[in-house]
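A.B. asks: Numbering (the numbering used here), first residue to last: 38 to 300.
Wrong hints could be hidden among the right ones.
Said to hold, decoys possible - Quick list of simulated restraints, FRET-style, between CB atoms:
1) E236 - E66: 24 to 34 Å
2) H224 - E113: 51 to 61 Å
3) H224 - E267: 22 to 32 Å
4) Q52 - G298: 49 to 59 Å
5) R238 - D92: 16 to 26 Å
6) E103 - H224: 21 to 31 Å
7) A79 - K290: 56 to 66 Å
8) E236 - R257: 15 to 25 Å
9) K290 - G112: 45 to 55 Å
10) G222 - P43: 26 to 36 Å
11) N246 - L47: 25 to 35 Å
Stated by the list, open to error - In silico lysine to aspartate or glutamate, EDC-like type, Cα no more than 16 Å apart, as pairs:
12) K76 - E104
13) K141 - D97
14) K84 - E113
15) K94 - E127
16) K141 - D92
If you're looking for bench data, these hints aren't it; they were derived computationally from the structure.
These figures come from a predicted structure and were not determined experimentally.
Where a beta carbon is used, it is the ideal one built from N, C-alpha and C, also for glycine.
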Amino acid sequence: MIKVHPTAILLGDVQLEEDVEIGPFCLLEGSIRIGKGTKLGARVSIKGRVQIGEDCKIYDGVIIGEEPQHLKYQGEDTEVIIGNRVLIREYATIHRGTPFGTGKTIIEDDVMLMAYTHVAHDCVVKRGAIMANCATLGGHVEVGEYAFIGGLSAVHQWARVGDYAMVGGVSGVSLDVPPFTRASGQHAHLYGINTVGLERRGFSKETINVLKKAYRILFRSGLLRKEAIEKVLSEFPDSPEVKKLVEFLQSSKRGVARDAGKG
Numbered sequence: 038m039i040k041v042h043p044t045a046i047l048l049g050d051v052q053l054e055e056d057v058e059i060g061p062f063c064l065l066e067g068s069i070r071i072g073k074g075t076k077l078g079a080r081v082s083i084k085g086r087v088q089i090g091e092d093c094k095i096y097d098g099v100i101i102g103e104e105p106q107h108l109k110y111q112g113e114d115t116e117v118i119i120g121n122r123v124l125i126r127e128y129a130t131i132h133r134g135t136p137f138g139t140g141k142t143i144i145e146d147d148v149m150l151m152a153y154t155h156v157a158h159d160c161v162v163k164r165g166a167i168m169a170n171c172a173t174l175g176g177h178v179e180v181g182e183y184a185f186i187g188g189l190s191a192v193h194q195w196a197r198v199g200d201y202a203m204v205g206g207v208s209g210v211s212l213d214v215p216p217f218t219r220a221s222g223q224h225a226h227l228y229g230i231n232t233v234g235l236e237r238r239g240f241s242k243e244t245i246n247v248l249k250k251a252y253r254i255l256f257r258s259g260l261l262r263k264e265a266i267e268k269v270l271s272e273f274p275d276s277p278e279v280k281k282l283v284e285f286l287q288s289s290k291r292g293v294a295r296d297a298g299k300g
């Protein structure tokens with residue numbers, strides 16, 4: 038059974054699946070698809086071409102699909118895609134993509150966006166990632182699976198935060214943060230492996246120890262990056278996590294955050 042509050046306004050091609058609930062004073066305007074079981078609180082605004090999956094919960098005041106904050110955007114047909122079981126807390130904003138990027142802003146399954154977070158145009162927030170209160174992503178940012186972005190932190194446009202990485206609160210991320218690591222600071226530096234986060238996600242002690250050894254070689258050995266990569270691949274040839282870490286470093290375009298040098 039679909040429940041739409043009488044004060045809500047639906048304009049355009051809006052399609053709602055079973056058990057969707059639309060709260061008071063919501064505005065849905067555009068080509069919008071909302072999957073079954075998803076619930077919208079009060080005063081939620083959804084505009085443009087937006088696809089939202091199943092069993093999501095979207096709290097009061099959220100804005101999804103508004104025009105991107107890009108000076109060259111001229112109303113092109115771009116979109117927002119949101120997966121299943123996504124939690125979007127109060128007053129978060131998610132802007133549609135641009136023709137200067139992928140044309141899509143994507144939030145994958147099981148993501149949590151806390152209050153006042155902002156996901157800019159053409160971003161990808163991957164499965165299980167969490168953004169704490171007031172965390173902000175510039176355009177074209179990629180946040181990896183089960184990564185955590187601390188409150189009041191900002192990620193520069195085109196930067197990446199790798200899988201299972203953790204960015205501390207009140208941090209500024211201008212360079213890529215590799216998977217499995219933790220970073221913080223006004224100009225964020227690396228502080229080793231995200232041990233607690235990996236333990237919580239079920240990584241074995243053996244895997245975590247291998248990542249710690251690989252991190253020391255890559256960031257604290259004094260070797261050139263190419264030499265350090267060759268060394269970790271030769272010492273840990275059977276570790277998929279080390280391979281993922283190396284591939285991330287090799288694919289970086291903005292450059293990778295440096296180690297803080299804390300030993």
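A.B. asks: Now tell me, hint by hint, if it's right for this structure.
C.D. replies: Going through the hints against the structure:
1. A C-beta distance of roughly 45 Å is found between E236 and E66, which places it outside the suggested range of 24 to 34 Å.
2. Look at H224 against E113: about 34 Å separates their beta carbons, and that is not inside 51 to 61 Å.
3. Between H224 and E267, the C-beta spacing of about 29 Å keeps the proposed range 22 to 32 Å intact.
4. Here the CB-CB span from Q52 to G298 is close to 54 Å, well matched to the stated 49 to 59 Å.
5. Range check, R238 to D92: Cβ separation about 22 Å, and the 16 to 26 Å hint holds.
6. Take E103 and H224: their Cβ atoms lie about 30 Å apart, and the range 21 to 31 Å holds.
7. Checked against the hint of 56 to 66 Å, the pair A79 and K290 fails, with Cβ atoms roughly 41 Å apart.
8. Restraint check, E236 to R257: a C-beta distance of roughly 22 Å satisfies the suggested window 15 to 25 Å.
9. Between K290 and G112 the beta carbon distance is about 29 Å. The supplied range of 45 to 55 Å is therefore violated.
10. For the pair G222 and P43, the beta carbons lie near 50 Å from each other, so the given range of 26 to 36 Å is not met.
11. For the pair N246 and L47, the beta carbons lie near 55 Å from each other, so the given range of 25 to 35 Å is not met.
12. Taking the CA atoms of K76 and E104, the gap is near 23 Å; set against the 16 Å cutoff, the hint is violated.
13. A hinted pair counts as satisfied when its Cα atoms are at most 16 Å apart, and K141 with D97 does not qualify at roughly 24 Å.
14. For the hint pairing K84 with E113, the CA-to-CA distance comes to about 13 Å; that is within 16 Å, so the pair holds.
15. Proximity of K94 to E127 is assessed by CA-CA distance (about 11 Å); at most 16 Å being required, the pair is judged to hold.
16. Restraint check for K141 and D92: not satisfied, since their Cα atoms lie roughly 21 Å apart, outside the 16 Å limit.
Comparing the model with each earlier hint shows violations of hints 1, 2, 7, 9, 10, 11, 12, 13 and 16; every other hint is respected.
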